[in-house]
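**Student:** Sequence:
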Amino acid sequence: MANPFPGMNPYLEDRALWNDFHARLAVYISNQLQPQLRPRYVASVEERVYLEFVRREIIPDVLILRRKPADHDKGVAVLEPECDAPVVLRLVETPRTEHAVHIYDREDEMRLVTVIEILSPSNKDTRSEGRSLYLRKQREILHSAVNLVEIDLLRGGEYTLAAPLELLHAEVPNGWHYLISIHAYYDPAQFYVYPRTVRERLPVVPIPLLPDDKPARLDVQAVVAQCYVDGAYEARVDYRRDPPPPAFSEDDARWIDALLREKGVR
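Residue numbers (this note's numbering): 61 to 326.
Think of the hints as simulated: they come from the structure by calculation, not from any bench. Only a predicted model underlies this, so the values are computations on that prediction, with no experimental measurement involved. Built from N, CA and C at the ideal position, the CB exists for glycine as well. Watch out, some of these pointers could steer you wrong.
Said to hold, decoys possible - List time: in silico SDA-like cross-link candidates among lysine to any residue, alpha-carbon distance up to 25 Å:
#1 K184 - W78
#2 K274 - Q250
#3 K184 - Y254
#4 K197 - R166
Stated by the list, open to error - The following label-pair restraints were derived from C-beta to C-beta distances:
#5 A307 - D144: 33 to 41 Å
#6 E294 - A249: 41 to 49 Å
#7 L111 - D144: 30 to 38 Å
#8 A318 - R108: 37 to 45 Å
Using the sequences and the accompanying hints, generate a full structural model.
**Tutor:** Dropping the structure here:
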């Protein structure tokens, strides 16, 4: 079954599906670009692994009690708490894996030319180590001779792209749900941004290479469509439920409901 949405499927933003979807996106982006890049360039799927502390809250249901000596006059023993029961916060180290696509120049000792980042929930979470690592890498790329492409298919979380948010609001006052930003190192003052709503097809975008070479072409919608089919998400998504948060506007929610009913999945 094909993706019922014309663009990004918001149900794929669910945390239960995102890791699988994210990994597929990176692989299929690389696969789509590879024939266009040869023979000079090569695309590679790279992993970034880090440890994040996740808090587990444990509420004990047992009190430590001590028995107060019996009152010999009344013959009654009294139980008193030795200590009040705490809430225990245990920090658990959880490995996180994120994927990106790197494009290398084979004619220049595998020089890194372009990085394509696919944002994850941790990149947009101000409490996450993943965000700190992402923003640090973003700054390093922007100050280097490397092109940066950022794909944000998550509505939730903090704004994270390198393109200035205030300028984006001025140019796109009606808002967006999804964003793709492109920055070429040889044109440092420009960001090329593609805003899309849930109702719109995701764009075909240029992937910059070295200045003398024609950009590659990435059809983001085609990649998402392939992920949806190959990931068998039609068997994993319950379209009777609302999409994962954040909630859509009432107008968009009505549009989604009508679309899913028309497609016969609700």
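**Student:** Of all the hints given earlier, name the ones this structure violates by number, lowest first.
**Tutor:** none
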